[in-house]
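K.L.:
Based on the provided sequences and hints, a complete structural model is requested.
Going down the list, the protein sequences come from chains A and B. Quick note, the first sequence lines up with residues 12 to 323 if you use the numbering used here. Quick note, the second sequence lines up with residues 86 to 338 if you use the numbering used here.
To be clear, the hints were calculated from the coordinates, so they are not data collected in a lab. Keep in mind that a hint or two might mislead.
Distance ranges between label pairs, derived from CB positions [to be verified]:
1) 216(B) x 70(A): 56 to 62 Å
2) 233(A) x 184(B): 36 to 42 Å
3) 97(B) x 154(A): 25 to 31 Å
4) 154(A) x 253(B): 28 to 34 Å
5) 264(B) x 133(A): 49 to 55 Å
6) 195(A) x 335(B): 33 to 39 Å
7) 258(B) x 154(A): 32 to 38 Å
8) 128(A) x 136(B): 53 to 59 Å
9) 228(B) x 150(A): 36 to 42 Å
10) 75(A) x 258(B): 35 to 41 Å
11) 75(A) x 228(B): 45 to 51 Å
12) 335(B) x 276(A): 54 to 60 Å
Because the structure is a prediction, the values reported are computed rather than measured. Note that CB positions come from ideal geometry on N, CA and C, so glycine has one too.
Okay, here's what each chain looks like letter by letter:
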Amino acid sequence: MNAIEVKDLKKVYRSNTGEPVRALDGISFLVPQGCVFGLLGPNGAGKSTLVKILTTITSPTSGEATVLGRDVTRSPLEVRRQIAVVLQQTAVESLLTVQDNLLIYAYLHGMGRREAWKRMRSLVEEFDLADKLGETVYDLSIGTKRRVQVAKIFMLDSPVIFLDEATTGMDPFMKRRVMDRIRLEARSGRTVLLTTQVLSEAEQLCDTILIIDRGRTLASGTLQDLRRLSEQMFRVSLSFAGIDGDLVGRLQALNPVELKADGKSVEMLFRGKEASLLGELADISRSVPITHFEIRGADLEEIFMALVKESL
Amino acid sequence: MREIAAVIYRDWRQRITNVGFVFWDLFVPVAYLALFGVGFERALATSFVVDGQSLGYTAYLLPGVIAMTAFSVAMNTAWGFFMDKDSGIFFELLTYPITRRQLLIGKVCFNMLLSVLGAFLAVILGVFVMNIRIRWELLPLTIVIIMATTAGWFFLLSIFAIRLHRMDAFNTFTSAAYIFLMFLSTMFYPLAELPGWFQTVARINPMTWQVDLLRFSLLGTGAPTLMLLEGVAFVVFALVSLAFAVRALDGAA
Numbered sequence: 012m013n014a015i016e017v018k019d020l021k022k023v024y025r026s027n028t029g030e031p032v033r034a035l036d037g038i039s040f041l042v043p044q045g046c047v048f049g050l051l052g053p054n055g056a057g058k059s060t061l062v063k064i065l066t067t068i069t070s071p072t073s074g075e076a077t078v079l080g081r082d083v084t085r086s087p088l089e090v091r092r093q094i095a096v097v098l099q100q101t102a103v104e105s106l107l108t109v110q111d112n113l114l115i116y117a118y119l120h121g122m123g124r125r126e127a128w129k130r131m132r133s134l135v136e137e138f139d140l141a142d143k144l145g146e147t148v149y150d151l152s153i154g155t156k157r158r159v160q161v162a163k164i165f166m167l168d169s170p171v172i173f174l175d176e177a178t179t180g181m182d183p184f185m186k187r188r189v190m191d192r193i194r195l196e197a198r199s200g201r202t203v204l205l206t207t208q209v210l211s212e213a214e215q216l217c218d219t220i221l222i223i224d225r226g227r228t229l230a231s232g233t234l235q236d237l238r239r240l241s242e243q244m245f246r247v248s249l250s251f252a253g254i255d256g257d258l259v260g261r262l263q264a265l266n267p268v269e270l271k272a273d274g275k276s277v278e279m280l281f282r283g284k285e286a287s288l289l290g291e292l293a294d295i296s297r298s299v300p301i302t303h304f305e306i307r308g309a310d311l312e313e314i315f316m317a318l319v320k321e322s323l
Numbered sequence: 086m087r088e089i090a091a092v093i094y095r096d097w098r099q100r101i102t103n104v105g106f107v108f109w110d111l112f113v114p115v116a117y118l119a120l121f122g123v124g125f126e127r128a129l130a131t132s133f134v135v136d137g138q139s140l141g142y143t144a145y146l147l148p149g150v151i152a153m154t155a156f157s158v159a160m161n162t163a164w165g166f167f168m169d170k171d172s173g174i175f176f177e178l179l180t181y182p183i184t185r186r187q188l189l190i191g192k193v194c195f196n197m198l199l200s201v202l203g204a205f206l207a208v209i210l211g212v213f214v215m216n217i218r219i220r221w222e223l224l225p226l227t228i229v230i231i232m233a234t235t236a237g238w239f240f241l242l243s244i245f246a247i248r249l250h251r252m253d254a255f256n257t258f259t260s261a262a263y264i265f266l267m268f269l270s271t272m273f274y275p276l277a278e279l280p281g282w283f284q285t286v287a288r289i290n291p292m293t294w295q296v297d298l299l300r301f302s303l304l305g306t307g308a309p310t311l312m313l314l315e316g317v318a319f320v321v322f323a324l325v326s327l328a329f330a331v332r333a334l335d336g337a338a
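P.N.:
If you want it as structure tokens, here you go:
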């Protein structure tokens, strides 16, 4: 059984002006169990709406979605028993202490008092919250509040975890620690669906990625699958002994998608055949020697930007 | 049951970290009785004859003060939804393995206890300081009425707290509603001498039903058949409000 199955999911709501807005327009995908699944897309792509439907906060207009075989519309309570959720917005009980935040979260998920205390004690060490247990969350920094929010989901053993831009606002050390923990959870069989705009995060964490924009699927698959989608896109870095206007003109004539010249270095993004480009660069190097040459495939960010641009 | 207990525990922890709320929940109605009630009675030497019983103004006002406690406790709890929205926990709560109904019922349970505590303080003040004679034998009925009416007001006010996006809109709405509900009811004066339209509006006002029921259980005024009718009407009002509040939570996103 897949952890998450989504079939032709649509969500239409009325905007403030009364116009219908298609937040999701027929999204379909599967998430196998034990997988870290990345949901990527620019602002307004429909990521949070999708997470809200899968976590039973809101209902779809049409289509089907199940979490571990339970339908999110017909059996919302059953779905909620299988999930732990970190929403995009910082969600903490501001007037309560860190300790109460963790314990009450566990109690509200049906955990007994003894087990909740035991888990809280081990978690606060891991998330550097031990010295803040008695502090009211209202008085904590945004990063610490986010830490409390993320720590809460590890109080539970829910088989499916939803993280909607969970690492936003965290310092790099804590971010690394949370990412390590997510990887560990996935290895132990838990399924993680995360949305992020930090593409390097998705690149490091996710087994499978779905890119959406304006409620529609742009691309999906493993990182390698996505790279194959834009295999004719590559980035070239060159350094010269010196750069003049004539050289820049010759490089522009190669029709790069993007060209950035900085001092003696030039960065160019190309879409096309590498072989023909290499020949033309060899010609240039005969008159202006190239001191450094590097060519590499596009990273996720470049693929993502290209797919979003193409969809516009 | 465990889920409801967890929601009660959450609300209790929230309230004890915010003593200001509890103070106003409990203090304002008692202050009304002590200041407004005594001042009005002494200055105007007012007493009313209700159903053949002569009641001093403070005695007449006591059930109204208890109704006021129930309403303000419900209002503050409903306002708590805005606190949940501000701290971002509101939507997260909707992903917890509890039903919308359990969430609302859990939230109201702690507030019922708070209302009963507020009523207890008012009764202590009324009986032991102001020498108001109440029907002790109907105390359990009084407690049931306080709890049920607190729930009814909470469910009604929750609909607006969940549906409205702006806290100032909610505050304006509840303040306006509070004034009309209080003054267009039997809370401060009997209806007999008031204009016909006023009496008609007051008769369909749930605040009148609540005050009449409390006056019946505390002081013995009111015809039992009318009380039964008003009691049933309030229960229907509370259940309809609960249904709408659950619907509001379902459509909150």
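K.L.:
Going through the numbered hints above, which ones does this structure break? Give me the numbers in ascending order.
P.N.:
none
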